[in-house]
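Undergrad: Listed here are the chains, written in short residue letters.
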Amino acid sequence: MTMTARIVRAWPRLLATVISMAVLAVGISGLANVSQAVADTVHSPIVGSGSTWSANALQTWIRNVWANYQWKITYSESGSTIGRTDFANGTADFGVSEIPYAIANSNEQDSRPNRKYAYMPIVAGGTAFMYNLVIGGKKVSNLRLSGETVAKIFTGVISRWDDPAIKADNPSLALPSIPIVPVVRSDGSGATAQVSIWLRQMYPKYWDAYCGKVGRAPVNGHCGVTSNYPTVAGSGFVSRSGSNGVAGYVAQSHSVGAITFVEYSYALNAGFPVAKLLNAAGYYTEPTAQNVAVALLKAKINENENSADYLTQNLASVYTDSDKRSYPLSSYSYIILPTALEDGFTNDKGVTLADFGAYFLCEGQQSAEVLGYSPLPINLVKAGQKQIQKIPGGNPAIKGIAGCNNPTFSSDGSNKLAKTAPYPPECDKQGATQCATGTGGAKESTAQSGSGTDAASQSGTAVGADGTAGAATGAGVGGITSGQQVSGTPQSIPQARLTTTAYASMAAAGALLLGFSVAPPLLRTRGRHTWFRRDGWRKRR
Amino acid sequence: MRSRIARAATSALACCLLAGMGFAGGAPTAKAAGSSSVTVSWTGGNAASVQKYQPTRDSSSSHYADFKYLKVSVDQTSDLVDQTITVNVTGMPGNTKTITSTGGSVFEFGSDFVQAMQCWGDPTAADFYKNCQWGAFEYESSNAPSVLIGEEAGVGNANGRGTTYTKSYFTKSGELDVPFRAVSGKQYSTGATDSTSRDAPILDVFSAANTNERTVPVGTNGATSFEFETQTAAAQPYLGCGNPKSATGTSCYLVLVPRGEHNSTSRQYCTTNLSDYPVAQQGSPVNPNCDYWGNRIVVPLSFRATTDSCSAGGNEVGLVGTELIQGAFESWQKALCRSKKEAFSFTSSADRVARDQLVSGQSNAAFTMRPVTADYLSSTVDDQTLADRKITYAPVAVASVGIAFVGNYSGNSFTDVKLTPRLIAKLLTNSYEWESGLGKAKGVGGAGAASSVATSEYALPSTAWQSPVRTLRTDPEFIALNPDVHLIGSGSLVLVGPNPSDSIAQLWRYLQADDKARAFLAGDADNLLAGDGSNAGMTINPYYLPKGHKNAKVPVFVEKKLATAAGGTMPTLVPDRDSSGDYVWEKVGLTTSSGAALCLCDAGVDTLNQADQTLLPRMLDTAGQPRYDLSQVVPYASSYAAAATRVFRVDSGSKTTWEANASLPNGGSYRSDGQQRWTSAFLNGFTTTADAARLALPMAQLQVPNQTRVFVSPTQSAMAAAVTARSESTVSGFVQVPNAGSLSATAYPLTGIVYLAVSGKARDATRRSYADLVDFAVSDTGQSIGSAIGQLPEGYSPLPAPMRTQAKKMAAQLRIATDTSAATTQSSTAAAANPATVNSAAAASVAAGAQAADTPVATQDAISGPPSFVVGGALLTSVAGLAVGPYLMRRRRIYP
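Going down the list, the sequences are from chains A and B. Residues are numbered in the working numbering as their position in the first sequence, beginning at 1, plus a constant of 315. Residues are numbered in the working numbering as their position in the second sequence, beginning at 1, plus a constant of 176.
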């Protein structure tokens, strides 16, 4: 057989070989391009503005994602009001606020922006009443206040610490006859707004009267919700800018008698106590991560996807929650996400923002408790992940619950933190007994000074499956209650983002491998037949 | 024959294919360390490698006279990461401008300035100006008419003048659009010529909030000096500096455009000698219609190649602790993420809170400079609870704190300032006239006050405390130490607070170790002790005296309506008098929580106080205006990093400018007083040495207690000397730097040794991660000072070798499985006596058998690399083999 003839006979195989090699070469370069495809995604730097209430959490996450993932986020803490304004006029790529735009019954004008947006919860926490009080030369750390007493304090109805209302809350304290110095925010603040919503709903008698005192007209029949706490000149109220400002004032040694409302994280780090607040079950609680988680089980989240306020919170039932562990002034803080390519927002910025949002809904929540916040529950994480899908350009690594390392998740869908939250000891119940253990950043116990019963030997108890309190164990005065934090095992699996070319090439390679493995035996069968028939062979040729 | 050829060809094909699959990638070549500073002369004569980037200068141009002596030097131009470099400018014209403000005050400024921008690409290209990141708004002149220098120097219509810098500034129609060209080649318009659209595309890529352009005034001596923050491709992907795959790669440029006294073209937006603005030239540096761009100086910058980061989506191992470890942790965190694919996260919190959380179980690992014992926790903890935690310690870093500052005057930047403990005490206690409440209250109150306000009714009692010294820089004590430092700024000190911290406690111990500072804090005048004769006789602000001290009193103020210049009356605080006309005094002073007098001279304080309660302004501007105190003049910074940033921006955070606005509650609001003007800026801040180094801020030299004229800086060696003097705490194996009084004169007194404290309750897998962290932290890379990923940043000092060994032993111990009960009893018997022992025999014996820590490998792409190529090659070869095999194995004709 001549060479030409052989080639002619073999050309289908040769052609197939050449084609397969060419396809595979493309496939190889496709694999090479995998890394290129990953590198081509540009994480554009983004700028955010807003709340100081949640700033401690945001700044921690921002440093970590920069170090680990090289996402550049700049956040300016100027208060929720400025955050909403900056987002609306396009100077910020995202805003952070405790309250949505155009909140109902607002004293101030705050209209929805033209810019398209969506809300997403970022972290939960308790607005705490940080105070500075001394009795008998010792710092008080176990003050308790009913909501009504708090309302009276912050509307100037009560002005001295030994007021009968405060005494009634604190039977074991010999309260001094010194003035109360209420410290409020001077800047436009979401924390102020949260407190005013609570006052308006729960204690309208005092809140409405306060509007009269400060000369504000009622809104829809009652004193309005406000981000700018009004004060009466000469009333002894003090106003300071920012969460750090009000906390800084209360923390001074000359500020004995001062009390403010601020996110729990600030009191914790300043080393100062927070007042336990009376809940609807008749127990005084502080805003630990667990108590906040319990309370927020009662938060009504706007689930109408078509509403401009989708995912915002209605805390009406949180304030009145009758779970013994509940902390009434629990709430979420929100990020305002852009959902359109406008006002300087680009797909590249969307890549960063979506990645950041997906990160803090899941992994970021692991640091919520140590920071002094409470991690988000699963329903809000799921809803938040859907909101992230609206960010143009976004393509986060974690899109769903699988792989989401949020500490509240459990296999049966319940909130692990809320489920395992310890019940308060009986000394926290409203009545003649008062717990001596410290709160917030002042864990030292307070000795009894008043005439009521002290329950210094009681401590927090573990919760049973049916919610009954276990036996009180005498763990010693001032014992630090333990809460085991479960850490996940670090897993970091690099993700390949494959192009369609790569997929096609790999499919072709697989098919060819299969084809070339199977074909020769099949073809050879015919050859053998030909081979063994000598005459036939000659004939085939 | 042909079959042999065919076979050979196939083998050769296969081999070549495999060889050709050689992977790209390997460790990025390490650049040699060493001085990479560059000086460029405007007129020329520079090294060829630099001169080639400079435009030709025209000696007949009106600009030539302005810039012929101009020289620019940059202290570091290679191996750059996201960091700060220092730029010195000399030889500019030193002309001044005189401006009269609306209040009638006359101010003289240096009228020239420079603009520095980071650019990518080819400096010789005709449209290189499109490759630069601009847009900074800086130095609002609060004295002159309210104008930001950046506004005057921005592209487009100057209609933005006087407004806040919203994005609408860019979109008003102007004469020219100068787009920004990103490294991808895409151009982003400023929208300057499009009045219809609200959006300015250039804001897609940078804005005033994240640009690194500097617009810096030049002093009357024609010089200035400033810090420039370089941005890698990670921080600014549209410049792409450092990204080996971008069009610019690791080469970028610092372009400095000097702004002098002349212009060659007289065009709208390119004019000079604006009479009522604080600069001589108006117009953008990148506007080709103006002729400023032609005066540029181009300094080549070489960045370290950026590497891909960790992939998101994995779990992170969380740790808490002192902020002093933040900088080092970030570097180690980056390296471990890339090399071992282990992601960590760090939450900084108040020092004591971190230790509390370790004991309560909320955290399993905390960085701390004090042992986890009852003394250093927030509440009483019984020994059993503490023992149950089985805390072990590994030293990981040596850090320090101190006073960083910016001190400029008239173009000179002072980087060597010496402070004594007493000077620091004066700053911490608002004892200078201009820093104190009573000092500020002296001024005739309010812009609207009538001249009659300067009456005996308004004046403070002559016996009220006052300071004979206005400010730090006029203090004879300061001048005697720093005779060559000439400043006119106020020199306030930014404090961190309100959180207590171990470093603040160490600062107070340092002050209290010095006799003169102690005497001052106790209430003595500063000119009584030996050698103090030329001091002014300052005493401490009465609010900071111990309560009960005879001088711890201030006048009581009451509100009265006094006449304003406009003819009305305004509520004004006047000193109260009793019925017999005597002044009424209030007793003030510091106390402990028990009410006992607290003397800063010897108390165990761990916070920085804001004790001055004077309310200001005395006369209100509008009815209902709330008064403020000093905590609004120099607000607390919430972290050391925030304090350093305030110093860097020369903005103390002061918000005392009242803006009336009837629509707001209280009738208005306080707005920021803005940055200090650069050429007269003077601001100090208490921060970490690492934060200061990150922003290239100088730190003050501190006098050694009781040793006049002996000073020490927070250098590596001075910090190491402090560590040499380490003494054991109550926990075996945990050492601390002793108090300042016990240190040698070469040791920096505010040095701290940071340990990682790990709870025995942690799970095995987590403990192994902590071990990886510790092993890396004390590895050769982790303890070498530098800016590469994984290295210890500037501002830290390497651990001495024995402490690194100790840390490795502890890490080895961490790798022992303890989740089983058998292991638990073994370690608990060893630890029963002292839960924190790190040098126990048990630990030593298991260390030998422990798994060796991995050293980090050179970083590589997470996705690409040898594996994918080898797989592809194997696939190709196998298919080729299968395809060609039958051909080779075909039956051959056998000829009989």
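Since the hints were made in silico from the structure, they are not lab data. We put the CB at the ideal spot given by N, CA and C, even for glycine. Please note: incorrect hints may appear among the correct ones.
Just some of the chain B residues that point at chain A, by a computed CB distance under 7 angstroms [unchecked claim]:
#1 Ala526
#2 Thr798
#3 Ala896
Derived DSSO-like pairs (lysine-lysine); straight-line CA-CA distance at most 30 angstroms [stated by the list, open to error]:
#4 Lys726/B / Lys736/B
#5 Lys273/B / Lys616/B
#6 Lys736/B / Lys734/A
#7 Lys517/B / Lys701/A
#8 Lys763/B / Lys454/A
#9 Lys528/A / Lys737/B
#10 Lys763/B / Lys453/A
#11 Lys731/A / Lys736/B
#12 Lys729/B / Lys454/A
#13 Lys714/A / Lys566/B
#14 Lys734/A / Lys431/A
#15 Lys714/A / Lys516/B
#16 Lys454/A / Lys362/B
#17 Lys937/B / Lys734/A
#18 Lys731/A / Lys639/A
#19 Lys705/A / Lys362/B
#20 Lys421/B / Lys482/A
#21 Lys566/B / Lys731/A
#22 Lys737/B / Lys697/A
#23 Lys421/B / Lys454/A
#24 Lys723/B / Lys453/A
#25 Lys729/B / Lys453/A
#26 Lys431/A / Lys362/B
#27 Lys421/B / Lys731/A
#28 Lys453/A / Lys726/B
#29 Lys517/B / Lys714/A
#30 Lys528/A / Lys723/B
Undergrad: Is the interface hint satisfied for Ala896/B? The criterion is a beta-carbon contact with chain A at less than 7 angstroms.
TA: violated, 26 angstroms
Undergrad: Are the Cα atoms of Lys453/A and Lys726/B separated by 30 angstroms or less?
TA: holds, 25 angstroms
Undergrad: Lys528/A and Lys737/B: Cα distance at most 30 angstroms?
TA: holds, 22 angstroms
Undergrad: Is Lys763/B close enough to Lys453/A, meaning Cα to Cα at most 30 angstroms?
TA: holds, 21 angstroms
Undergrad: What's the verdict on Lys729/B and Lys453/A, does the C-alpha distance respect the 30 angstroms limit or exceed it?
TA: Holds, at roughly 25 angstroms.
Undergrad: Is Lys729/B within 30 angstroms of Lys454/A, Cα to Cα?
TA: holds, 25 angstroms
Undergrad: Is the shortest C-beta separation between Ala526/B and chain A less than 7 angstroms?
TA: Ala526/B check passes; min Cβ-Cβ to chain A is 4 angstroms, inside 7 angstroms.
Undergrad: Compare the distance between the alpha carbons of Lys421/B and Lys454/A with 30 angstroms, and conclude whether the hinted pair is satisfied.
TA: Distance ~61 angstroms between Lys421/B and Lys454/A Cα, so the pair is violated.
Undergrad: Are the Cα positions of Lys763/B and Lys454/A separated by 30 angstroms at most?
TA: holds, 21 angstroms
Undergrad: Can you confirm whether the C-alpha distance between Lys517/B and Lys714/A stays at or below 30 angstroms?
TA: OK: Lys517/B and Lys714/A at ~21 angstroms, within 30 angstroms.
Undergrad: Is the Cα-Cα distance between Lys454/A and Lys362/B 30 angstroms or less?
TA: At roughly 63 angstroms apart (the allowed maximum being 30 angstroms), Lys362/B and Lys454/A break the hint.
Undergrad: Are the Cα positions of Lys737/B and Lys697/A separated by 30 angstroms at most?
TA: violated, 59 angstroms
When the structure is compared with the earlier hints, violations turn up for hints 2, 3, 6, 11, 13, 14, 16, 20, 22, 23, 27, 30 and for no others.
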